[in-house]
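Protein chains: 2
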Amino acid sequence: MGRDVGLPIGALASRTGTKVNTIRYYEDIGLLPHAARTASGRRSYGPEDVRRLAFIRSARGLGFSIDEIRSLTALAAGPEQDCAEVRALAARHLLDVDERLERMARLRAELARIVQLCEGGRIADCRVIEAIEATLPSAV
Amino acid sequence: MGRDVGLPIGALASRTGTKVNTIRYYEDIGLLPHAARTASGRRSYGPEDVRRLAFIRSARGLGFSIDEIRSLTALAAGPEQDCAEVRALAARHLLDVDERLERMARLRAELARIVQLCEGGRIADCRVIEAIEATLPSAV
DNA sequence: CTACATTCTCCAGTAACTGTAGAATCAAGA
DNA sequence: TCTTGATTCTACAGTTACTGGAGAATGTAG
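In order, the protein sequence lines correspond to chains A and E.
When we follow this note's numbering, the leftmost residue of the first sequence carries the number 1, and every step to the right adds one.
When we follow this note's numbering, the leftmost residue of the second sequence carries the number 1, and every step to the right adds one.
In short, the hints are calculated from the structure, not lab data.
Even glycine gets a Cβ: it sits at the ideal position worked out from N, Cα and C.
Some hints here could point you the wrong way.
[To be verified] Coverage of chain A stretches by chain E, computed from C-beta distances (three or more under 8 Å per stretch; other residues unrestricted):
#1 60 to 74
#2 93 to 106
#3 109 to 117
My request is simple: use the sequences and hints to build the entire structure.
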């Protein structure tokens, strides 16, 4: 009867900046696998769970939906997959990420410009929305 | 009685990739100002509304919450604001955006690597989660 | 003047959490 | 050992940010 060396749910939560309830929710919807349980029925997690959850939280924070994350994590499902399929999926995500990167970079540039402007004491043209719009990709 | 030259809600919706109901929702919660109305009570929009909504949708897609967007668009509220306050707000958002940019860039690198790997016909080490985790900022 | 599309308000449903209630378990100190 | 506060458990209700539908009014093309 080796003692349980896994992390309890609270430790996983604090390590990944996730709420305890959110972790249980992810397990419910199958985004995380069923956690191992201790003798008394408490969830117990290992380093792999920390990695997976950290990835999920990061991707969520970047605006990916649960379904998109399911499809992203499917890329890591192992060597038994069809290579062409995985490649197509990854390539599609790559295009998407590139677009987000561009928009994020434009937002960054505009914020930096505002900080600069306000530094100089002037504020008259802190027109963040117009400035960002002016650089939008497909002239929305 | 000049005729109404504004866009109806459906046109604003298609121009910004937003659902009609979502536009009305944004008005309800005060994220968009009350729209002008035609004689018969229909909403009518101008170019400024297109810009503002395009910005909101872009920011939402990048993972910013409605409250964060309220605070971002506040930067565009005009010259009657306190300069130091605006600067501080913009600087805070800038740090946040930089962090997101970093994470986005790492995700991009990993996706590119997978596409490369799969290109060569091998797939054994398409370990997207582990690879991304390995480059996470604060060793979560 | 039809007939079909668009808009209106109101309200119910969904996605992704977030919080709470009540009971069980754990871990540290007296 | 006993107790006392912190964690965990399940279950369910509430929140945020939409999304969709019903039924009525209005717009527009033929």
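Okay, the hints, checked on the actual structure:
{"no.": "1", "hint": "60 to 74", "in the structure": "holds (count 6)"}
{"no.": "2", "hint": "93 to 106", "in the structure": "holds (count 9)"}
{"no.": "3", "hint": "109 to 117", "in the structure": "holds (count 4)"}
In summary, the structure agrees with every hint in the numbered list given earlier.
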